[in-house]
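Visitor: Each chain, written out:
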Amino acid sequence: MFRPPMIRFTAIRLAEIAAMLALMSFVIYALIGLMPGDPIDLMMGADPHLTSADVARLKLLYGVDRPLIGRYLAWAHAALSGDLGYSRLFSAPVVATLLPRLGNSLILLGSSFVVAFAASLGLGIAAARRPRSRFDAAINFICFAGVSLPTFWLALILILVFAQLLGWLPASGMGGGGSGDIADRLRHLVLPVATLTIASIGGYTRYVRAAMRDALGQDHIRTARAKGASEARVIWRHALRGAMVPIATILALSFGSLVSGALVTEEMFAYPGMGKLIFDAVMGNDYNLALAALLLATAVTMLANLAADLAYAWLDPRVKYR
Amino acid sequence: MSRQVRLPFLILAVIAAASLAGPLVAHLSGADPSSVDLLARFAGPSATHPLGTDELGRDMLLRLLEGGRVSLTIGIAAALAAAAVGTAVGLAAGYLGGWTDRVLMRFADGVIALPLLPLLIVLAALDLHKIGVPHVLADSPEISLVRIVVLAVLVGWTTAARLVRGATLVTRSRDFVRAAQSLGAGTPHILWRHILPNVMAPLVVATTLSVGDIILLESVLSFLGLGVQPPLASWGSMLSNAEELITSSPLLAIYPGAMIFLTVIACNLLGDALLRRFDPRDAARA
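Residue numbers (the working numbering), protein chains in the order written: chain L, 2 to 323; chain H, 23 to 308.
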């Protein structure tokens, strides 16, 4: 695992990610300035007592009349020393607003990830063992249905059935009421986790099936069968080991996209995670927060991609790094 | 046509034909999808309104067909535009090679590695006047359609670019391309007559699949209020209106969502069936 070429590869990739983040911070900074609304106008709207002299002073203070590059460099300088500014929407420092949200998102994503992965492993392996059977065709169709569902519509229907008609589960929020009531928090997790799981299970199952089909066709599987290994041992010990290489790659990749892909689900269930934070910050003209949250989401996605590459090498010793 | 190709193709053809012809027929017979009838709000199915009416008394069936016209137009236009851009990039990268290839593909990798939905939300929220789009254009009712197509192309071109680059790399060292080169054929001629026909099959599959993806993307953006703007309506924006009324009249939300689902799954099944047809090696393995 920790051979010198591997460390070199990781170091180069981390440097690339840092460069990419620096570039994206400028792009996003510039884009946010092009959104409707103007920070000074917002302050004037919030406080009717502001005089035009105050406005001029504020403009000077925030430097809105300076050229873009100058404002960006001032932001970057502050950001590098750990000051990401103040969130207008939450009336709190950006860092203090972001971190709990990232934690909430990871709870939501982690749960649905575990459920979806376990289910897709079972379904994909079952389908791969009986290729072209009626069972395989049914699984294939369900997978297509899963990837074709609009997430927000699925969420609406789950809310309609389980929260409105049956009244079994809460439709929104995170629960717990600040008291750390675990049972209540779990009840609030059920519907969003179900939504994310149904939305992602189809894609995973297709990958698991394809990877297992490839693995089961290898010579060493025939050898294992010939020497009399049980079918369970052939599947779980011999075939899955080979199949895990592409599966792990896809899982790590999809985890990165999940962080932002959960945006719609979080919005639908009013779940206070990163995705909803990004949406609210962009829609609410909270420039500092939107910028930092988007950069954090970008960093998480790119680190997940790196993790995918490293997992690939860890699971398959034949992979060489240049 | 095999059954796997025929069924999804038929579903798509029926939805497309109804979406194009429905409003026309309705217009000729005097019905108007945007005519408000506040006395007939939330009406159930009847002879005049087969699927009932919505919160403003508009005919649900006509509204669905109108929404289908908008959603399908965006899906197909954006998929074709993304395929065209991706093909141009992929041909350039694959045929020219060298630093052109490296720069273009690094750029594509960079785009793929981004969290796209949050960034699209920022792009969809941009003030067009601040970018310098002329007022006449920025304030026209169709601008929301153009905006979504541009956004879909910005994220969608990478798939086609990678596919076409790969196929071009394989094709450009084939004997018939070498022969054309030695006979003095120019680069545009070789690309157009020899390379492009050989990358068409995977390109058609990818474009079919991307129609479904783009319809989903459009519906999400419209649902969030950043996509199709009134007076135009797509299935996604219809759902956005219906969300508040989900408890009292769930059908208003169920119909457009079901149409999105049906259209997207038909695109995906068609793309998959075409893939199996074009690539018998892959089909044998599956």
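Do not rely on the hints blindly, as some may be mistaken.
[As the list claims (entries may be wrong)] So the derived list for chain H, only partly shown, Cβ under 10 Å to chain L, looks like this:
1) Ala106
2) Val107
3) Asp149
4) Ile212
5) Gln251
6) Asn263
7) Ala280
[Stated by the list, open to error] Now the in silico label distances, taken between C-beta atoms and shown as ranges:
8) H:Gly247 x L:Leu103: 23 to 33 Å
9) H:Ala110 x L:Ala20: 44 to 54 Å
10) L:Leu15 x H:Leu46: 55 to 65 Å
11) L:Gln165 x H:Leu42: 33 to 43 Å
12) H:Val36 x L:Arg67: 37 to 47 Å
13) H:Arg128 x L:Leu74: 24 to 34 Å
14) L:Gly111 x H:Gly247: 24 to 34 Å
15) L:Pro318 x H:Val192: 53 to 63 Å
16) H:Leu42 x L:Thr224: 23 to 33 Å
17) H:Val125 x L:Leu90: 31 to 41 Å
18) H:Leu42 x L:Ile8: 57 to 67 Å
FYI, nobody ran anything at the bench for these hints, they're computed from the structure.
From the three backbone atoms N, C-alpha and C, an ideal C-beta is built for every residue, glycine too.
Visitor: If a hint holds in the structure, say so; if it doesn't, say that too.
Guide: Hint-by-hint comparison with the structure:
Proximity of H:Ala106 to chain L is violated relative to the hint, the smallest CB-CB distance being about 25 Å (cut-off 10 Å). Given the 10 Å rule on beta carbons, the hint for H:Val107 is violated: about 19 Å separates it from the nearest Cβ of chain L. For H:Asp149, the interface hint holds, the least distance from its beta-carbon to any beta-carbon of chain L being 4 Å, beneath 10 Å. The closest approach between the C-beta of H:Ile212 and any C-beta of chain L is roughly 31 Å, which is over the 10 Å cut-off, so the hint fails.
Given the 10 Å rule on beta carbons, the hint for H:Gln251 is violated: about 14 Å separates it from the nearest Cβ of chain L. Interface restraint check: H:Asn263 against chain L, minimum CB-CB distance 12 Å, threshold 10 Å, status violated. Residue-level restraint check for H:Ala280 holds (minimum Cβ-Cβ distance to chain L is 8 Å; threshold 10 Å). Range check, H:Gly247 to L:Leu103: Cβ separation about 25 Å, and the 23 to 33 Å hint holds.
A hinted range of 44 to 54 Å for the beta carbons of H:Ala110 and L:Ala20 is inconsistent with their spacing of about 27 Å. One distance hint, 55 to 65 Å for the beta-carbon pair L:Leu15 and H:Leu46, holds here, with the actual separation near 58 Å. For L:Gln165 paired with H:Leu42, a C-beta distance near 36 Å keeps the hint of 33 to 43 Å intact. Roughly 58 Å separates the CB atoms of H:Val36 and L:Arg67, a value that falls outside the hinted 37 to 47 Å.
Between H:Arg128 and L:Leu74 the Cβ separation comes to about 26 Å, which falls inside the hinted range of 24 to 34 Å. Range check, L:Gly111 to H:Gly247: about 30 Å between beta-carbon atoms, so the 24 to 34 Å window is met. Restraint check, L:Pro318 to H:Val192: a C-beta distance of roughly 29 Å breaks the suggested window 53 to 63 Å. H:Leu42 and L:Thr224 have their C-beta atoms about 59 Å apart, which leaves the hinted 23 to 33 Å range violated.
For H:Val125 paired with L:Leu90, a C-beta distance near 39 Å keeps the hint of 31 to 41 Å intact. Our hint of 57 to 67 Å for H:Leu42 and L:Ile8 holds, since their Cβ atoms are close to 60 Å apart.
In this structure, the hints that do not hold are numbers 1, 2, 4, 5, 6, 9, 12, 15, 16, in rising order.
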